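Undergrad: Each chain, written out:
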Amino acid sequence: MTSEAAAGPGASAPSAAGAAGGILVPRLTQSWRSRLFIVLGLALIVIVPTNVGSTYWLTVLNGVGVAAIAAVGLNVLTGYAGQLSLGQSFFVGIGAFSAQYFGGSLDLPMVLWLPLAGLLAAAAGGAVAPFALRLRGPYLAIVSLSLVFLGIYIARNIPSVTGGYNGTVVEATATLGPIDFERPTIGGLSFSREQGMFLLTWSVLAVVLLLVANIMRTRAGRAMQASRDHDIAAEVLGVRMLRTQVNAFVVASGIGGIAGALLAVNLEYIRPENFDVALAVQYLAIIVIGGLGTLFGPVLGALFVGLVPVLVDEISGSLPFMSEAGSDGLSTTDLTLILYGSLIVLFLTLEPRGLVQILRRTSVWLRSRRSPR
Amino acid sequence: MTENLQILVGGIASGCLLALIALGFVVVTKSTGVLNLAQGGFVVLGCYLTYEGRQSWGLPFWLAVVVAAILTALIAAIIEATVVHPVALRGLYPPILVTFGISIVIPAVAAGIWTTYQLTLDDPWGLDKVGVAGLTIAQRDIAVIVVTLVVLALFLAFFRFSRLGLAMQAAASDPEAALAQGISDRVIHMTAWAMAGALGAVAGALLATTGGGGVRPGLETQALIALPVIILGGLTSPAGAVVGGLLVGVAQQFAVVRVPDVLGSGFHEVAPYLLMLLVLLVRPQGLFGSAEVRRI
Amino acid sequence: MAEELRDDSAAQSLAVDGVSVRYGATTQVLDRVSLTVPPGSVVAIMGVNGAGKTTLARTVTGMLGYHGGRVTAGAVRWGGRNVTGRPAPYMVRAGVSQTLEGRRVFADLTVDQNLGAGGITRRDRRELRTRREWMFELFPRLAERAQQRAGLLSGGEQQMLAFARALMQSPKLIVLDEPSLGLAPKIVTQVADTIRTIRDSGTSVLLIEQNAAMALSVADHAYVISHGRVTRSGPAAELLADPEIRTYYLGLADDGARPEPAAAELGLTGGRAGA
Amino acid sequence: MSHHARKGFAAVAAAAALSLVAAGCAAQSSDDDDTPEGGATAAERELAAVPGFDPAAGVIKIGDILALSGPISATAKEQLVGQQIWFDKVNEQGGIAGKYKIELITEDNQYNPQLTVQAYQKIADEVVMLSGVLGSPSVKALIPLLDRTDALAVPSAQDPSFAKDPAVLPTFPSYQTNVTNAVSYLVSQDEKFKTARYCQLVMDSDWGIAVSEGVAWVTGKIGAPTGTIQKFAALDTAFTAQITALKNDNCEVVVFGGAANNLPSVVAAATQLDFQPQWIAEFIALATAFKTSDIAPYLTENMIFTGPGAKLDDESVEGIRNLLAGLGDTEITVQHVYGYMQAVATTTLLEKAVELGDLSGPGLRRAATELDSISFQGLGGDVTLGEPEERVLPRATTIYHYNPAAPSGLEAAAVGYQAPEGFDDHF
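Protein chains in written order, with our numbering: chain A, 1 to 373; chain B, 374 to 669; chain C, 670 to 944; chain D, 945 to 1371.
Hints listed in this document are in silico derivations from the structure and should not be mistaken for laboratory results.
From a predicted model like this one, the values you see are computed outputs, not experimental measurements.
Please note: incorrect hints may appear among the correct ones.
[To be verified] Selected chain B positions facing chain D (Cβ under 7 Å, derived; list incomplete):
id: 1; residue: Thr-375
id: 2; residue: Glu-376
id: 3; residue: Leu-381
id: 4; residue: Gly-383
id: 5; residue: Gly-485
id: 6; residue: Leu-492
id: 7; residue: Pro-497
id: 8; residue: Ala-511
id: 9; residue: Gln-512
id: 10; residue: Ser-557
id: 11; residue: Thr-583
id: 12; residue: Arg-589
id: 13; residue: Gly-639
Ideal Cβ positions, reconstructed from N, Cα and C, are used throughout, including at glycine.
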């Protein structure tokens, strides 16, 4: 049902949308299939890092995990509440520098710096929301983009926190009670930092997913979706538009802040320019490619955006017509960019409702093949 | 006084370039409702196709620019028809992201064809200048201003006097009603993209002149600078794009030299955005935008 | 009944033949609908909100694709040619014009420009000039306000402009979607008069109306659609006399709600739907 | 319902247990790498295998992380070509210690710090060290990782903060040093520069700050007055305002801290306003194409450039000779020199490490402390090595005049110039 979301505010398939009724979040803890899903997910969080020996692939996957968290946040605002934003990297940046400030400069433990990063970003979201929400569509998109530029400008000018142009090494330590994610040991076995970071990042992602799934089942969450689907009707129905949209903004920014904090400890060195427009657009790309307004869309989208360039790069390196590194002509990265951009175009043209929809259709198709028996 | 006038003229010239790029955004947004992130790609194509026409085919400068504009317009129209149109009506996000995908592809293709070395366009102005009432103005800046005026005049004449222009206005006002009059949305969208392509190409050629910094990679990012301009002027208003461009161009030049250090480093980079936010606080639809836009 | 009418072999007759329509993969909106609009006639389609009237109009005018719908069965024939799935620009050139629900004038453009946009598919300048003159004759208010922005017109004037805009295309058939919606009763009467004038000028009319009283007052023939199917059809006079029609369609808009006899009795002015 | 769930959890437990077994291998494999140090007796004859070095194949693999795409890829590619020329030359002569061939593995970082870290992770297990990491931000992003794995890199950057970092092997003089040398050179040529008014037009970035530091120091030293500091952003194309301000401030020398993308617009604005001070710029501000551009006369008239290198067509200099031989028909640029010098630094360190019998990360770091200095075949001043905290970056800068007839437009006016005024300690 959530796929209706992808039609977005602009589409007007008339009676179809009405008939589909309310948008339902997968009821995570009720059906046995979704329980199995959770269990499988949790298992993967342990199995993947312990079996992937390559720090490179773990780094890539950690990047995917962080991007997925930020995108899950953005998805609350854009996917569920229908507000197009190109400003998510601003909130991610706030989270990142807060993490370093609280965890590094003030040396607070992770149980404090991680939530504080989220809270600070959420507060910033709450502060700008009333202004941003006067605007719609492309206007909001570009105004939210200005947050990114303003953020970089501000960050450059408070070097005591951010290191200014030089950026800052991240000293915040990722330790939770006895578990040190930077040097994890389980039962006498020691693991690499990347393995620990995978555990941390993807566990937080799981928590954030659960959180969002549950928010969307609450009254406030339903109000967000109602405000997206039928702006005017929702207002008539008593959904307090402003408060609802501010809620969405706050949740989205807060989750973005948490992603930023994790980005900081993953990267170990951050500078204002990290949180630029390209990053903001990437988050938007992630949720649209994955599937707007769907729970797992951002995760699939992040996997796509994070892994496709890496995989294409692996392949294109072996193509005969590629130019040697250092010589003129089409470089491997150029080819990667061309294929990556083309894939985005292709996917959106073929299935504007995202990877989630493709997955769903595939599973329906598989089931329909099995059912005759 | 002279100093301020000198800065003003510089601001007007750079504002005109912003206006040309912004017009490209506006014509697409107005006619198709899509925020076209690939506009920067057209700037890149315009720059390199002009170079190709000038250096490889030996065309005179102006002819090279015209040829580059036509070719870029064709490419833009083809892109619209093949990949953008199928998603143009599917909500707000898919079309924006499709143009984002295109914006990734074009500079990479350009780098593959023309390398990333700096090149020289050999434009007619070079570093020539003229003295006017105590000011010295670069000829290239005068050319930029004149070209912008000419393009704007062509633009207005097109919308006022041509059937296609009327059709585009109708489509911008109400796409479904326009279709009901037999105005093909395919033709409208392709035309809008072609115009955006031509506008981007002309801007690209002017940016690639000696005074503009030469033929170089990375020109696609110039389009980003025009984003606050289109909001400032009103997303769907060609006049707004021009006024907004001039405002931003001039404001930015004065921000460089007339702003105290207290405001910190990088202020003139965010000045356009601050100006935009200021305007939006007063007029949420931008200077020239119509209030209906808010209902998108 | 449709069988008889289809025999009418005049060149410019519209025949909808067993058409089914879906939006997306699942939602079926029309189910084997058949109807005919003979040349020079007014045919009314009646039904409640969501019955499929507008979809039927879109099917005929080529607007279906724009809304993501498609014909899954049957055919639309115009003057004997199969025009199923043809887009609106094709239909307009073929002589089928339309007005949309809610009038949808180009608010930013002047009245004159609206007329110009309406006639944009016609290249004959002289024909356009005479058409425009005729429109100003037919709707004198538009002549007075030719240079005003259409958004500033009153609701009734906008409806007139919508008619005039569509008529600029010299159509053989005009499809009117809810022309009376949201208009004052007095204006509704004017609309009905205009529809008769259009018919008398030789353009046949397919009238989509919730206001059954108004529809039946101008129509020669009428169809009732419910849940995507034609449930009744016949000459307008016949339906007007039908007790069931009187109860459910002239009485009230709401499906199955208690009839309001008074409204049914009122005939022309009664039964303004929905709202 | 709960039945399924319990079954599910059991499955997880089983899976987790299995994975832990597998993980044992994954986790411990890294420990295995450290063990071979035990066989010290064999070190004399044959080096121990480390990631990136297989004694049996006789190949040492080196990584270079640089921007092979994007706006600055053209210069990056020239650096890579410069590196490759020296490595080819070494291989031709038998390789490191006469027997180990060098193989270069390149990764594209698109000048992006995050991608740099990712790129390094990708090749970390395949290379013994990095002969280049392009961009100060990228180097800074990589340092924590290099430190954790005890690895070493030659930075393609001129930030003085790298001088004393054990994770990097610095090769070039800092921006501050170059500016100091350039100003000192001007003063040595003409007394008038001693009292000239020094202004700046610098990019609003850490680079600009570095340039400003140098200007502040050297003008203080020679007692020259300083004027306005104008800034610009990387994407700016209009410079009328800045040039107007510089002109009104009566600037006689302007230090330019910007790239080749910016220079034509700057020259255009300066020409427009008839502003002709003495300009000082880094070689990074030049592109070969300028030789045929309208800005060439202005550059010839008004600008000097700093950088490594020597007379670019002087075959008596070993480094130039090798570069010219390797480049063939391609015109030599300072970027080629730059890359070549990184390669020289790399091979010098490798020779030492082989001599010490350890090509591992810690081994290379130790070798770096054992080396006293590296010299660059006449292309730049020596870098003083030893313990990290004792290192001193090269102090010599080559000063170029612009001359369209010279290779890439640069005519060396003073090779390896070193300011007698001296340098601030942290340059």
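Undergrad: A separate judgement is required for each hint: does it hold in the structure or not?
TA: Structure-based check of each hint:
1. Because the smallest distance between the Cβ of Thr-375 (chain B) and any Cβ of chain D comes to about 9 Å, over 7 Å, the interface hint for this residue is violated.
2. Interface hint status for Glu-376 (chain B): upheld, as the beta-carbon distance to the closest one in chain D is roughly 5 Å, under 7 Å.
3. Taking 7 Å as the C-beta contact cut-off toward chain D, the hint placing Leu-381 (chain B) at the interface is violated, the least distance being around 9 Å.
4. A least Cβ separation of about 3 Å between Gly-383 (chain B) and chain D falls short of the 7 Å threshold, and the interface hint therefore holds.
5. Among the interface hints, the one on Gly-485 (chain B) is violated; its C-beta lies about 10 Å from the nearest C-beta in chain D, farther than the 7 Å criterion.
6. Hint status for Leu-492 (chain B): holds, given a least beta-carbon distance of 5 Å to chain D, under 7 Å.
7. For Pro-497 (chain B), the suggested interface contact is broken, since its CB lies about 10 Å from the closest CB of chain D, more than 7 Å.
8. Because the beta carbon of Ala-511 (chain B) sits about 4 Å from the nearest beta carbon in chain D, less than 7 Å, this interface hint is met.
9. Below 7 Å, beta-carbon pairs count as interface contacts, and Gln-512 (chain B) has none with chain D, the closest being about 9 Å; its hint is therefore violated.
10. For Ser-557 (chain B), the interface hint is violated, since its Cβ never comes within 7 Å of a Cβ in chain D; the closest pair sits about 39 Å apart.
11. At about 5 Å, the closest approach between the beta carbon of Thr-583 (chain B) and any beta carbon in chain D falls short of 7 Å, and the interface hint on this residue holds.
12. Checking Arg-589 (chain B) against chain D by beta carbon gives a least distance of about 5 Å; that is within 7 Å, so the hint holds.
13. With a cut of 7 Å, the hint placing Gly-639 (chain B) at the interface with chain D holds, because the nearest CB-to-CB distance is about 5 Å.
In this structure, the earlier hints numbered 1, 3, 5, 7, 9, 10 are contradicted, and the remaining ones agree with it.
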